[in-house]
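Line order of the protein sequences matches chains F and B. Counting from 1, position 96 in the first sequence corresponds to residue 96 in my numbering; the numbering is continuous, with no gaps. Counting from 1, position 116 in the second sequence corresponds to residue 116 in my numbering; the numbering is continuous, with no gaps.
Misleading hints may appear alongside valid ones.
[Claimed, not checked] With the C-beta cut set under 10 angstroms, the calculated list includes, among others, these residues of chain F facing chain B:
no., residue
1, T7
2, L11
3, I14
4, G39
5, R49
6, L51
7, M61
8, A64
9, A65
10, V67
11, G69
12, S71
It should be emphasised that the hints constitute simulated quantities derived from the structure, not laboratory data. Even for Gly, the Cβ is constructed at its ideal location relative to N, Cα and C.
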Amino acid sequence: MAKGKQTCKILKEIRKQIAAENDIKLVIEECTYQGDCRGTCPKCEAEVRYLERELEKRQRMGKAAMVAGLSVGLLGASQVALAQQPDTITPKSNYSEELMEKVAILGEIPIRYIAIDLFAHREVMDLFAPSVTKNLDIVGFNLNAPDDWNWTSENDFMELVKANTKNFYTPVFSGGESELIDFISQNLGKNADGNAYGDMEVAFTVEPNGKLSHIEIIKGINEQLDAQVAALFKFMEWKPALWELNSGEKIPFACQCVQKLHFPMITH
Amino acid sequence: MTTAKIFGIGRHRLTVDGEGVTTLVAFNGCPLRCKYCLNKTSWDMDKGRDYTPEMLFEEVKIDQLYFLATHGGVTFGGGEPLLHKDFIKEFRALCGPQWQIVVETSLHVPFETVQEMNEILDGYIVDIKDLNPAIYLAYTGKENPLVLKNLEWILQHGDPKRIKVRVPHIPEYNTDEDVTKSVERLKAMGVVEVEEFEYIIR
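Same shape as in the complex, but just chain F (with noise of 0.2 angstroms):
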């Protein structure tokens, strides 16, 4: 297995670790990135500031976060482990190679390509507040800048964010959210498990053109019932998350997302 993508299933067990030590809940995607990688990528990122954030959160509450020495034993064992796993990398890509390849070498010294880090910083993220809906989460994402900029380090790439975006916009299904929850009810239809009571979460990408893919639920409510939803998002497809930039462009950037659903549904 190459060297990067050995690199990224350790750091990806570390993060599992973490969330599970902590009882967060973490929507780990199968890596499609054909070739090899730096280890690291923008939806690995995400994951961690993700991580973050929710470990923040429970130490606001007052609860203690479980991280220290947490995977002191894994490196050991995962290199020995991993070297003898086959690779399983599917020769589909969510990332363009233009993106993997933001890596200047200097001598012996691999500088790390710049990460595209929204998250920590916060006030691009408020970028995204007005098109935000209380039951979309976004919890990662993978912006391709224009092939003009050009940037050194993480720093660099935000402050080029910051002066030259206008909004993100964040995915949407076609017609909103009570389009959404109607198109959902109304192809369950009878056979809908009409005592299913609760919330579901449904964690998925939003594809640049538009289209689902990943989808998984996160917190189901029963076998059946979440089987007819996870098949109902294959069939769907959403406006993409948009990144408007001063100068007036839309570029579509793909976009992980978490949709809650309540059950019963109330349709309009």
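Position chain B against the provided structure of chain F, taking the given hints into account.
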């Protein structure tokens, strides 16, 4: 304001520069001129980017969760990181005691620097070159008694397990027999972590 030229930051290094997940920060500036130096960029004090400890901390703290979970942290290399003692001390004040701070050093620095920094550092990776003074001089252009004095002192002032001494096979400069002699002498000094390795020649 303390600043230093840094020519490279490498993230997610797994157990190669110390325990756990580490970020390698490479400083410019080195007192030695080793023929097979991997980072000759570090000799040029004009290259690299100016950082303050605050700027560096802001940049590398994105991996804090990994550092904490694996007992990792930041490894300062270069170049010779101990030429930047004030920078590292200020960085330690920013990151706190939980991050592991390790230096990849030749120990060819003033004795007072080693004394001053010993409490701040969690570990050393020492590239000792060769203990034979003539070989050391021929390869690095410098004498090595200072290195041995510094090594002896840090061995006596802290757990020897935190000090890994790397002994290279240096083509055209030392022989396998020289390396064996160096290793034996190091063990006699009390070094418990010794690693022989081959230099990469390019």
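Those earlier numbered hints the structure runs against, lowest number first = Of the numbered hints given earlier, those the structure breaks are 7 and 8, listed in rising order.
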